[in-house]
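Sequences and hints are given; from them, build the entire structure.
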Amino acid sequence: MLNTHLWHVFSLSPSKRTVYPVVRQQLDMLIGTLRRGHSESDHKRLCVLVGDLLQLAGEILFDADRYTEAAHCYKLAADASKEGGSFDQWACALTRHAYLGMYEQNYDVALPLLEGASRVARRGDSQLSTRHWVSAVEAEAHAGLGNFDACQRALEASEEVQTLSGPVMPGGWLRFDGSRLAEERGTCYAALGRTGLASSALIEALEEATSLRRQGSILADLAMLGIRGRDLDQTLSYGAQAAELAEQTRSSGYVGRKLQALSSELEPFLADSRAAQLNDRITQL
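Residue numbering for the sequence shown follows this note's numbering, starting at 1 and increasing by one per position.
Hint data in this document are derived by calculation from the structure and do not stem from the laboratory.
Be aware that one or more of the hints could be misleading.
[Unchecked claim] Here are the computed distance ranges between Cβ atoms for each label pair:
no. : residue 1 : residue 2 : range
1   : Glu156    : Arg36     : 46 to 56 Å
2   : Ala150    : Ser200    : 19 to 29 Å
3   : Met1      : Glu244    : 15 to 25 Å
4   : Ser179    : Glu267    : 47 to 57 Å
5   : Gln25     : Asp272    : 41 to 51 Å
6   : Arg230    : Gly146    : 17 to 27 Å
7   : Arg119    : Gln25     : 29 to 39 Å
8   : Arg122    : Leu2      : 42 to 52 Å
9   : Thr163    : Gly193    : 29 to 39 Å
10  : Ser200    : Lys44     : 43 to 53 Å
11  : Gly32     : Leu197    : 43 to 53 Å
12  : Gly229    : Gly146    : 15 to 25 Å
13  : Glu267    : Asp42     : 50 to 60 Å
14  : Gln25     : Glu156    : 36 to 46 Å
Glycine included, C-beta positions come from ideal geometry on N, C-alpha and C.
What follows is the structure, encoded as structure tokens:
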């Protein structure tokens, strides 16, 4: 199936935006087909295919820092998946939409979307990891709001993915299998100011990460922890590695946004030529 192939190409491509023209072409074809009359079963099947591909389009736009367009894709993906009767795919679209608010640190806006995603996920396939992924993202939202207890409960719920047997994710629109639990913990603990716990979890996550984009994100988080711990050497080392990966992947959104936040924190250290050099490198991304 072409949708599955496009998700695979997206996951392997160093520059995610290069996949977008083919995704858009396939979307236009599917939507054109959907507009013609079909049986109810064919209509639902086409809706599910459209909802799947709209989530991929949203991820590409999100990575390119085109948040408004990504949000539109996720909204349409949720609507199409709902109409197609795919509860798990619907819940994932809602979760991706919530992520946009979290990247703007609007955690109170993201939580209602995540609560809705959680309700929808409970109506889905109990053998899939959908509800566990939603819990992992909820944990980040609670951490952003400084609610340690709620964050811990959500993390514990996400870790129950390890009790599932058999295939837990179809790939593409759902790729949560528990392999990123360490990164989730690290992200949450960093937001909560638990730097020691965060550093240990993120270093563990970095050793397990396979994609360049994921490695870049973790490196940027570790660089920010260096700022909080007043460890400039740590910040410069991890920051330079993250910047190099951002340059390779042209990830101006996903990793670039984290590096922009790091750049603003580097200002007190710009008298150090190494910090100034890293800051200039980030600015050029």
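The hints, checked one at a time:
Range check, Glu156 to Arg36: about 48 Å between beta-carbon atoms, so the 46 to 56 Å window is met. At about 22 Å, the CB distance of Ala150 to Ser200 agrees with the hint of 19 to 29 Å. For Met1 paired with Glu244, a C-beta distance near 35 Å fails the hint of 15 to 25 Å. In this structure, Ser179 and Glu267 break the distance hint of 47 to 57 Å, their C-beta atoms being roughly 36 Å apart.
Hint check: Gln25 to Asp272, Cβ distance near 49 Å, so the stated range 41 to 51 Å holds. Roughly 22 Å separates the CB atoms of Arg230 and Gly146, a value that falls within the hinted 17 to 27 Å. Taken as a hint, the range 29 to 39 Å holds for the pair Arg119 and Gln25, whose Cβ atoms sit roughly 35 Å apart. For Arg122 and Leu2, the Cβ-Cβ distance of about 31 Å falls outside the hinted range of 42 to 52 Å, so the restraint is violated.
The supplied range of 29 to 39 Å is met by Thr163 and Gly193, whose beta-carbon atoms lie about 30 Å from each other. In this structure, Ser200 and Lys44 meet the distance hint of 43 to 53 Å, their C-beta atoms being roughly 46 Å apart. Checked against the given bound of 43 to 53 Å, the beta carbons of Gly32 and Leu197, roughly 51 Å apart, stay inside it. Distance hint check: the CB atoms of Gly229 and Gly146 are about 19 Å apart, consistent with the given range 15 to 25 Å.
A hinted range of 50 to 60 Å holds for the C-beta pair Glu267 and Asp42, which are about 58 Å apart. Separated by about 43 Å at the C-beta atoms, Gln25 and Glu156 satisfy the suggested range of 36 to 46 Å.
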